[in-house]
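K.L.:
Protein sequence lines, in the order shown, are assigned to chains A and B.
Numbering of the first sequence is given in the working numbering, commencing with residue 171 and proceeding in unit increments.
Numbering of the second sequence is given in the working numbering, commencing with residue 791 and proceeding in unit increments.
Reference listing, derived: stretches of chain B covered by chain A, where coverage requires no fewer than 3 residues with Cβ under 8 angstroms from a Cβ of chain A:
1) 822-832
2) 847-853
3) 860-872
4) 877-887
Hint data in this document are derived by calculation from the structure and do not stem from the laboratory.
All residues carry an ideal CB built from backbone N, CA and C; glycine is no exception.
Here is what each chain is made of, one letter per residue.
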Amino acid sequence: MAQYFFYFLAFLAIFSALMVVFSKNPVYSVLFLVMTFFAIAGQYILLNAQFLAVVHIIVYAGAIMVLFLFVVMLLNLNKELEPHKSSILKLAGVIASGILMLTLIGTFKGATDQVVGAGLSDSLTYNNQVGLVKNLGKVLFGDFLLPFEISSVLFLSAMVGVVMLGKKDKAI
Amino acid sequence: MTEQIITHTIKTIPIEHYIYLSAVLFSIGVLGVLIRRNAIIIFMSIELMLNAATLLLTAFSTYRSDAAGQVFVFFIMVVAAAEVAVGLAIIVMIFRNIKTIDINFLNKLKW
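Please construct the entire structure, taking both the sequences and the accompanying hints into account.
P.N.:
Below, the structure is given as structure tokens:
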């Protein structure tokens with residue numbers, strides 16, 4: 171049951187990721203990217219990472235994609251304005267990323283037995299509650315308190331930078 | 791009930807499948823960066839690559855029952871949100887100045 175669910179979500183994620191890259195209209199790309207994010211949030215739920223699933227939907231589908239959609243609408247992009255690369259460059263891109271995929275998969279396939287399997291928990295020490303809010307909150311506000319506070323400074327500087335960039339002034 | 795399903799998931803789906811899924815998603819992101827000329831689509835492909843990496847981090851974190859990996863994913867989301875805000879502001883500024891977001895016209899810094 172869970173296995174079929176995994177394969178369905180994986181198929182959905184890969185299909186909509188391909189549609190993000192290949193659809194001509196930028197608005198469709200944004201909407202397919204939202205679908206990819208929901209499929210990945212489903213994978214998080216399957217992995218019992220409930221906190222991450224909720225945060226992923228709120229941050230990505232809720233905030234980031236609205237920002238993307240807003241900019242696409244603001245710039246009034248559509249199918250006619252869409253720039254095209256020559257088909258020889260497209261073919262080169264497909265071949266290059268296909269070779270990258272083969273390299274990644276081949277690397278992990280070779281390393282699986284030695285590296286990947288070695289650190290996996292056995293059934294005695296395994297704790298499947300690790301992704302719940304209670305557990306993650308303790309870790310986040312215990313061991314990772316300083317990075318958490320520093321990230322607020324990062325957000326503040328990003329906000330100041332965006333306001334500076336968005337201000338209307340003379341052309342650079 | 792839920793816990794049983796989750797444990798079942800981890801037993802039935804080997805970690806390799808998550809590795810393959812992440813590798814495929816990452817490659818699709820690279821493909822988008824390589825074949826598209828619209829700056830916003832390239833930006834979305836970068837988001838796709840970030841998501842492939844975070845999915846793999848979460849999978850390993852759950853399979854090893856180590857919470858640090860999921861906290862790291864949380865910080866990646868924080869950085870991605872800041873990055874998207876700044877990047878889209880830059881794209882809007884570029885559009886205001888040269889009236890296009892085709893990256894082939896952004897060649898002033900190109901050797």
